[in-house]
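J.: Please build the complete structure, drawing on both the sequences and the hints.
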Amino acid sequence: MSKRIGSPEELRELQVKLAPRTALRLSPAEREALGIPAAEKMNILVCGGPACKSTDSDHIITQLRVELQKAGLAEEVKVVPAGCMGYCAQGPVLKVQPDNTFYVQVKATDAAEIVQKHILNHQYVERLMFHHPASGAPCRQEEDIPFFQGQVRIALRNCGVVDPAYIEDYISLKGYQGLVKAMEIGPDATVAMIKQAGLRGRGGAGFPTGTKWEFTQSYTATPKYVVCNADEGDPGAFMDRCIMEGDPHSVLEAMAIAGHSIGAAEGVIYVRAEYPLAVQSLQTAIKQAEEFGLLGENILGTGFNFSIRLNLGAGAFVCGEETALLSSIEGNRGEPRVRPPYPAEKGLWGQPTVLNNVETYANVPAIMLRGAAWFSSYGTAGSKGTKVFALAGKINNIGLIEVPMGTTLDHIINHIGGGIQNNRAFKAVQTGGPSGGCMPTALLQTEVDYESLTQAGSMMGSGGMIVLDEDDCMVNIAKYFLEFTVDESCGRCTPCRIGTKRLYEMLERITTGKGTNKDIVDLQELGDIIRDCSLCGLGQTAPNPVISTLRYFKDEYIAHVEEHRCPALACTELLTFTVVADKCIGCTVCARNCPADAISGVVRAAHTIDPDKCVKCGICLDKCPTKAIIRY
Amino acid sequence: MSQSASCLTEKYGEIDKYIDNLPSLRGALVTVLHQAQTIYGYLPEELQLHIARRLNVPAAQVYGVVSFYSFFTMEPKGQCAISLCMGTACFVLGAGGVLQEFEKELGIKAGETTPDNLFSLDALRCVGACSLAPVVLVGDKVYGKATTSQVRGIIEEHMQRMAKGGGSNE
Ligand SMILES: Cc1cc2nc3c(=O)[nH]c(=O)nc-3n(C[C@H](O)[C@H](O)[C@H](O)COP(=O)(O)O)c2cc1C
Ligand code: FES
Chain C
237 MSKRIGSPEE LRELQVKLAP RTALRLSPAE REALGIPAAE KMNILVCGGP
287 ACKSTDSDHI ITQLRVELQK AGLAEEVKVV PAGCMGYCAQ GPVLKVQPDN
337 TFYVQVKATD AAEIVQKHIL NHQYVERLMF HHPASGAPCR QEEDIPFFQG
387 QVRIALRNCG VVDPAYIEDY ISLKGYQGLV KAMEIGPDAT VAMIKQAGLR
437 GRGGAGFPTG TKWEFTQSYT ATPKYVVCNA DEGDPGAFMD RCIMEGDPHS
487 VLEAMAIAGH SIGAAEGVIY VRAEYPLAVQ SLQTAIKQAE EFGLLGENIL
537 GTGFNFSIRL NLGAGAFVCG EETALLSSIE GNRGEPRVRP PYPAEKGLWG
587 QPTVLNNVET YANVPAIMLR GAAWFSSYGT AGSKGTKVFA LAGKINNIGL
637 IEVPMGTTLD HIINHIGGGI QNNRAFKAVQ TGGPSGGCMP TALLQTEVDY
687 ESLTQAGSMM GSGGMIVLDE DDCMVNIAKY FLEFTVDESC GRCTPCRIGT
737 KRLYEMLERI TTGKGTNKDI VDLQELGDII RDCSLCGLGQ TAPNPVISTL
787 RYFKDEYIAH VEEHRCPALA CTELLTFTVV ADKCIGCTVC ARNCPADAIS
837 GVVRAAHTID PDKCVKCGIC LDKCPTKAII RY
Chain G
25 MSQSASCLTE KYGEIDKYID NLPSLRGALV TVLHQAQTIY GYLPEELQLH
75 IARRLNVPAA QVYGVVSFYS FFTMEPKGQC AISLCMGTAC FVLGAGGVLQ
125 EFEKELGIKA GETTPDNLFS LDALRCVGAC SLAPVVLVGD KVYGKATTSQ
175 VRGIIEEHMQ RMAKGGGSNE
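Chains as they are written, first to last, in the numbering used here: chain C, 237 to 868; chain G, 25 to 194.
It is possible that some hints are incorrect.
[Unchecked claim] Computed list of lysine-lysine pairs in BS3-like fashion (alpha-carbon distance at most 27 Å, straight line):
{"no.": "1", "chain 1": "C", "residue 1": "K852", "chain 2": "G", "residue 2": "K165"}
{"no.": "2", "chain 1": "C", "residue 1": "K849", "chain 2": "G", "residue 2": "K128"}
{"no.": "3", "chain 1": "G", "residue 1": "K133", "chain 2": "C", "residue 2": "K750"}
{"no.": "4", "chain 1": "C", "residue 1": "K852", "chain 2": "C", "residue 2": "K750"}
Think of the hints as simulated: they come from the structure by calculation, not from any bench.
T.: Now the structure itself:
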């Protein structure tokens with residue numbers, strides 16, 4: 237029996253038939269927006285995002301199924317392995333629908349209680365609800381939980397809702413009808429719609445997507461290609477991974493829409509090899525889309541051909557840069573080249589190519605379905621729609637969030653993010669990965685959009701957002717990013733290859749107390765040169781972590797060079813360990829544990845640390861029962 | 025390069041078959057190297073030469089590509105591959121200390137393999153599991169919120185598993 241869908245009409249009929257599959261996973265408002273009728277049975281959606289999966293959410297799924305079987309409900313109540321629901325810090329999480337109850341920190345052993353109480357007796361399991369940190373009150377639904385307040389899911393709309401292994405789920409939510417719309421209105425109107433929506437690239441640079449498509453459309457050379465940048469190289473970023481794992485069809489559908497608009501029949505997804513689950517999820521999705529006649533030859537009987545294949549990366553950060561990425565797909569070293577010509581004119585194999593980021597694509601089907609005006613009703617004057625961020629570091633609510641452009645950093649960090657871990661003080665927020673910068677407390681009212689983040693000395697980047705607290709040394713953070721760029725510079729151009737190494741060496745000197753005031757001046761000057769003279773974006777932005785920390789945290793640099801002191805107590809070589817004599821009870825624990833034999837003293841008398849022998853490992857500090865050892 | 029051509033054919037039969045089945049050789053180098061590393065575990069010089077001949081590209085190009093990408097290795101890895109994430113989230117939450125502890129316990133540096141070929145140690149870029157930072161990966165197993173005091177236990181767990189037979193990577 238062929239699963240092929242022969243026409244757009246058949247796709248719509250299939251959607252109506254399949255609608256009950258997912259209807260009860262949506263809120264009434266979402267159902268209304270999609271025109272999907274309500275249903276009655278229950279669904280248990282279990283998060284299968286990277287964090288929840290690593291904490292054994294698969295086992296919860298098995299156990300829930302066992303318990304439902306025992307209760308004779310295996311047919312009635314479906315357990316759905318879904319994608320990332322965002323609230324990783326509280327994982328594993330799950331959601332019971334249609335009553336929209338959100339359970340956190342669930343264990344496999346909780347399955348029996350959930351089935352007995354919630355499913356059979358319609359009583360909520362209060363114990364498993366999130367409890368409001370201020371009031372202690374249980375929060376049953378997402379809306380009640382601060383983490384979800386102010387979030388709007390467009391790119392992530394299906395993550396945590398569909399089972400990515402079943403294309404039927406996606407179709408039931410009007411999946412691939414964005415492509416139908418694009419075929420009905422034609423390439424020019426489609427491009428106009430994307431332009432009108434104001435969608436800009438989510439991979440970092442923020443170039444208007446519709447304009448990029450229009451350029452590529454205007455070149456007559458054939459064949460043309462559609463490429464998806466799924467290299468997600470910024471450390472601390474996992475947005476694209478979650479989209480590919482949780483909702484792969486959104487990306488496939490958008491690539492087909494792009495293909496139809498520019499006149500391409502072939503698409504390539506360049507995905508990092510470090511993401512095996514994303515690769516698997518995309519492979520399954522491509523195969524199913526082909527079986528359903530939604531990819532491949534003669535899509536939906538319209539005569540449009542479009543196929544997609546995967547290309548694995550091999551661990552080089554610079555391959556996220558578009559020209560390096562194309563060179564890598566061609567089987568070569570992933571070295572960037574000078575632009576122009578841009579890929580729109582000469583891309584893959586020298587042919588006109590549209591190249592967009594995963595998240596950029598994930599927005600496209602939603603725009604086609606719900607219209608440009610709906611999309612551009614979110615955001616600021618220059619940045620429309622939403623942005624997904626991977627919130628991580630020293631923050632309470634680590635997770636994946638999506639907020640309208642224009643949301644303040646303060647709302648993201650202190651409301652959604654729940655503030656800083658262990659009641660420490662906030663110091664800075666880092667966005668844009670190794671190309672970005674750090675913003676201090678004074679800039680917390682900044683509204684996130686492309687322009688204001690750049691103005692603040694950072695950049696939007698692909699969406700990594702790392703929160704730093706008072707224990708983080710800003711010089712050390714700058715050094716961390718420079719070490720990254722030194723490692724990842726492809727070596728092709730001198731300012732980047734040698735310049736970043738020199739920057740790194742100066743930072744190394746400063747963090748070990750050997751730096752001088754001249755180093756601080758040189759950092760700035762050399763940074764400017766590297767920015768102005770490098771070949772590609774990697775080098776041009778590599779000094780940003782140094783320049784932005786110099787701009788906002790210069791006092792920390794000065795403390796290192798002038799006082800040989802690290803204010804955050806993070807640079808070990810600048811620390812001094814000493815025993816507070818009247819707290820020391822002379823138990824000898826520190827002396828016995830010191831690997832360097834630096835501590836001397838007799839039983840029941842105060843001990844002393846020889847600063848010349850001390851290797852600053854901190855073991856004595858941890859071991860001392862009376863906390864008599866301090867560092868400064 | 026002491027082996028004869030027929031011997032090599034036998035040795036590298038599996039990758040040959042893969043190459044024969046490719047629809048086109050255009051741009052296939054990186055893909056073929058991925059496959060070869062999956063089959064043979066690493067990419068020794070001899071294998072690189074073999075691939076160069078089969079794809080009809082200069083050996084220097086093959087070496088250029090292998091040495092460019094950090095995913096490719098020319099040395100065999102240990103039976104048990106321990107990887108630490110050095111992404112930003114892991115770094116600020118103390119991954120550096122955990123790495124040092126592994127280096128101390130195993131007596132090797134990141135990027136190296138123990139002389140008995142049991143363990144290799146690598147520092148990776150972000151693996152995308154930042155809410156579990158710092159993250160240690162051993163084969164498919166993920167250890168989240170890793171601390172220095174867990175290091176010895178993790179090593180011992182996998183020593184035992186290997187002693188019982190069966191790789192550590194299942
Ligand atoms: C060094 C460097 C690394 C990059 N890494 C990525 C990446 O990992 N993912 C991504 O989508 N774009 C990355 N970019 C941006 C791409 O070059 C390109 O602008 C983007 O993929 C275009 O898609 P968009 O318009 O949809 O954002 C990187 C750029 C540079 C200079
Ligand atoms: S920084 Fe380690 S998983 Fe992201």
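J.: Against this structure, judge whether each hint is valid.
T.: Evaluated hints:
no., hint, in the structure
1, C/K852 with G/K165, "33 Å, violated"
2, C/K849 with G/K128, "20 Å, holds"
3, G/K133 with C/K750, "26 Å, holds"
4, C/K852 with C/K750, "17 Å, holds"
Checked against the numbered hints above, the structure breaks only hint 1 and satisfies the rest.
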